[in-house]
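Modelling step: build the complete structure from the supplied sequences, incorporating the hints.
Going letter by letter, the sequence shown gives residues 5 to 152 in the working numbering.
Don't take every hint at face value.
Quick list of the computed label-pair ranges, beta carbon to beta carbon [said to hold, decoys possible]:
| id | residue 1 | residue 2 | range |
| --- | --- | --- | --- |
| 1 | Leu106 | Phe127 | 57 to 63 angstroms |
| 2 | Cys90 | Pro65 | 30 to 36 angstroms |
| 3 | Ala13 | Val42 | 18 to 24 angstroms |
| 4 | Leu94 | Phe118 | 34 to 40 angstroms |
| 5 | Lys69 | Asp49 | 40 to 46 angstroms |
| 6 | Val126 | Leu96 | 41 to 47 angstroms |
| 7 | Ala105 | His68 | 54 to 60 angstroms |
No lab work stands behind these hints: they were computed from the structure.
Glycine included, every Cβ here is placed at the ideal spot set by N, Cα and C.
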Amino acid sequence: MSDPDRPAAVEVHHPQPIPMHVPTAPIVPAQPHTVPAVASVVLPDGRVVTGYAIEPAKPEPVTHKLAVSRTAVNVALGGVGFLAVCGGLLLLTTFITALTALVTQLITLAAIVFGGWIAVQVFSASSHKGGNTFNIRKAVFKRNHFNG
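Listed below in structure tokens is the structure:
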């Protein structure tokens, strides 16, 4: 029987090197700050395990997976571009319509001004004093004879 006041026996296992037929590399002295620390762990059953502390392996960083596929993003961007082009085409047709109205108004204005100038030239000729004036009197034609 075991006495509860008495500590449990501790078994210590010393590692034994495994003989290998590998050529040995030259030993490089390690710097003091690079030697890992020795850690001892007491297991719940009372055994003590001693060894070098090893940093846990860091998992590879997980690449962020897009919530939306690249194809869907490209289609959406294409739709936005198409809408921008349609807006530009709408502005272009509006510009062409306005330009057509402007040209029509300029042609109408030129016709009115040129027509008015011609009318002034025609109607001002009778009041112009610089030409010859002929007065035609009442003439009587009798049996193909002119009596004037």
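Compare the structure with the hints numbered earlier in the document and write down the numbers of the violated ones, lowest to highest. As far as the earlier hints go, 1 and 2 are violated by this structure, in ascending order.
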